[in-house]
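Visitor: Sequence:
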Amino acid sequence: PLSEITHKRRISALGPGGLTRERAGFEVRDVHPTHYGRVCPIETPEGPNIGLINSLSVYAQTNEYGFLETPYRKVTDGVVTDEIHYLSAIEEGNYVIAQANSNLDDEGHFEEDLVTCRSKGESSLFSRDQV
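Take the sequence shown: its position 126, counting from 1, is numbered 126 in full-length UniProt numbering, and each next residue is one higher.
Just so you know, not all the hints are guaranteed correct.
[Said to hold, decoys possible] Below, computed lysine to any residue pairings styled on SDA-like, alpha-carbon distance capped at 20 Å:
#1 Lys120 to Leu68
#2 Lys8 to Phe26
#3 Lys74 to Asn103
#4 Lys74 to Glu107
#5 Lys8 to Ser55
#6 Lys74 to Lys8
#7 Lys120 to Asn94
#8 Lys74 to Glu27
#9 Lys74 to Ile90
#10 Lys8 to Ile90
#11 Lys120 to Tyr86
#12 Lys8 to Gln61
#13 Lys74 to Glu22
#14 Lys120 to Ile42
#15 Lys74 to Ser55
#16 Lys74 to Ser127
#17 Lys8 to Asn94
#18 Lys120 to His35
#19 Lys120 to Val131
FYI, nobody ran anything at the bench for these hints, they're computed from the structure.
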């Protein structure tokens, strides 16, 4: 049941056309900014397979081209809506994305003037009007 679902949501960098345990360096085993919301940084085996076999994050899904996507809530006119859009890592680079734990008021507006966000793989502070 649960172990079967977990096993089916595993992805591997090994195998035909992929890497070998011996030749895979630290760079490919490390957590990359594009993994955010797509690949669980914790659930990976210990030993020689560390970082080469990973599990999908809870809400991650694949699109029609096989790319991993993660859900984001849309912000319209400074209001965080309940509308969900799934974005790939490439599409994510076109947006300024606030952290999921940003403080919101009852109407969905950001409470702080400056919000910690990611843009093009880098974290920084942005004006709430830029999100």
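Visitor: Can you name, in rising order, the numbers of the hints this structure does not satisfy?
Guide: 2, 6, 8, 10, 13, 14, 15, 17
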